[in-house]
Amino acid sequence: MKWESVIGLEVHAQLATESKIFSSTPTRYGAEPNTQAGLIDLGYPGVLPVLNQKAVELAVTFGLAIDASIGRRSVFARKNYFYPDLPKGYQISQYDRPIVTGGGLDVLLSDGSVKRIGITRAHLEEDAGKSVHDLFPDSSGIDLNRAGTPLLEIVSEPDLRSAEEAVAYLKCLHTLVRYLEICDGNMQEGSFRCDANVSVRPIGQHDLSTRTEIKNLNSFRFVEQAIAFEIDRQIRVHEDGGIIVQETRLYDANRRETRPLRTKEDAHDYRYFPDPDLLPLVLEERFIEAIASRLPELPRAKRDRFMAVYGLSVYDATVLTQSRALAEYYETGMKGSALDSKIMANWVMGEVLAGLNRDHLEIEAVPVSATDLAGLLARIGDGTLSGKMAKEVFEAMWTGGGTADAVIDAKSLRQLSDTDTLEGVIDTVIAAHPEQWAEYCAGRDKLLGFFVGQVMQATRGQASPKLLNALLQKKRHPES
Amino acid sequence: MTFARVELERLATLASLDIGREDLERLGGELSRILDFVRQLETAATHETEPLTHPLELNQPLRFDAVAETVDRERYQRDAPRTESGYYLVPRVIE
Chain P
1 MKWESVIGLE VHAQLATESK IFSSTPTRYG AEPNTQAGLI DLGYPGVLPV LNQKAVELAV
61 TFGLAIDASI GRRSVFARKN YFYPDLPKGY QISQYDRPIV TGGGLDVLLS DGSVKRIGIT
121 RAHLEEDAGK SVHDLFPDSS GIDLNRAGTP LLEIVSEPDL RSAEEAVAYL KCLHTLVRYL
181 EICDGNMQEG SFRCDANVSV RPIGQHDLST RTEIKNLNSF RFVEQAIAFE IDRQIRVHED
241 GGIIVQETRL YDANRRETRP LRTKEDAHDY RYFPDPDLLP LVLEERFIEA IASRLPELPR
301 AKRDRFMAVY GLSVYDATVL TQSRALAEYY ETGMKGSALD SKIMANWVMG EVLAGLNRDH
361 LEIEAVPVSA TDLAGLLARI GDGTLSGKMA KEVFEAMWTG GGTADAVIDA KSLRQLSDTD
421 TLEGVIDTVI AAHPEQWAEY CAGRDKLLGF FVGQVMQATR GQASPKLLNA LLQKKRHPES
Chain C
1 MTFARVELER LATLASLDIG REDLERLGGE LSRILDFVRQ LETAATHETE PLTHPLELNQ
61 PLRFDAVAET VDRERYQRDA PRTESGYYLV PRVIE
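Protein chains in written order, with this note's numbering: chain P, 1 to 480; chain C, 1 to 95.
Do not take every clue at face value.
[Unchecked claim] Straight-line distance between alpha carbons at most 20 angstroms, and here's what the computed SDA-like set of lysine to any residue pairs gives: (1) P/130 x C/38; (2) P/88 x C/31; (3) P/215 x P/273; (4) P/88 x C/14; (5) P/88 x C/76; (6) P/88 x C/23; (7) P/130 x C/94; (8) P/130 x C/63; (9) P/79 x C/16; (10) P/130 x C/26; (11) P/79 x P/90; (12) P/342 x P/382; (13) P/88 x C/89.
I should point out that these hints are in silico values taken from the structure, not numbers from a laboratory.
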């Protein structure tokens, strides 16, 4: 039987605020335990939560960016459960009236196609604290610094069909939240966390099968591995005639497997109800319009503009607009230069991205500036460098060789494009291979490559291929 | 309406309440009477009424995003049964 996997992701993005969602203590990462946990965060009796405006603005920013509908009236609810890192015994979240509903993301897949992944909802909630199990004998230590940190939980539709697609979506979302500057995206510090809902069904079956939820995946690699493992596991269970139990599983990166989390089933009855401490959040048009007017050019609009202005394909435009910094790099390179936009795109997507990947660098730390890259490409344009030589120059620029011109001078790499000199070399080569030359002149076109090779060898690869070809043709048919 | 015993036990577990046998009987009766009382609302016509999430006709005020509270950890931790190295200590919880 052929199986199809159905995946939906729940992402918790920590919103980039100075203070907590319902209190005015700091959200800074890495402080001494409990030095950022105030009375509201600790759940003292008699305190009243007051909503942080910035958190609301950031959630609305996200909603507008994914073409979602913004809840003009959203409601905070209590999600009740007991755990030591949740001092109040409930988490303030949103339930049936979230701030963001609907919308979607255009995700670039590895085959170059673009797939729209629906977003069910995104809601505001507070984070819990952190439990430490290995510091004290027989006790767990609780650090409540993180309690009350604003989160946007972003729930996707079950539109994803493979582990690879899930990662592509997650990366796209990761890029977007950083693009919008609503979340720093730091996965190690837990600012961007992912849970995956996974099920499999026979191809052609419309209804969804029982799913499992894999919790707390904190790297793209783990997301891909965990989902791939879980898909295989579920197919094996189905094929062996077994039944998938709806449960929460953890991914063990060392053993590369998921396994069930032991919890009482009762614990999943959260008994949501509207939080009487918080009034309904009513957003006026003015408030939403003000945020809309501050939105940066969004990836999709930028992509469309890149296609229109630079004549790029949908694939090239999507890759170049995946991050704001990369798009800026491309545009800086194109600015004021007469370069072919497609050649610039090929170099940015080819040499530049490959170099960043190889050296584990972000575009912000790229060693060759966009202007210097434009300078290099201009040297191909004016015939100083062949494409092959340009790659060599680029490598030298990457490792600190300076501008293209500096590298060209230092390595005496100037392409041999002087007709007299090149003709001299060609004559020498012909004189050394009279038989081949006669055959070539008699019509064996294949030998052109042989002569090009010989001349290239004699000039250490510096002969201008264009000029060389022209001169060889001319020598073969002197009258034309 | 009578409150099923299992239902009551489940609620007690969810609320982390340790309720004795005889109390269970009594509470079951009391809760059933409360529910019966509230059930009268079901006779009201509510199909055109917006769900009421809050009794006050007010909207949530917003707070400017700024750090304005100082944390006196030493003072707060005096209220806790056990603390060490800045952590609140609880009986070991491992999932």
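(request) Quick one: which hint numbers does this structure break? Sort them smallest to largest. (result) 1, 2, 3, 6, 8, 10
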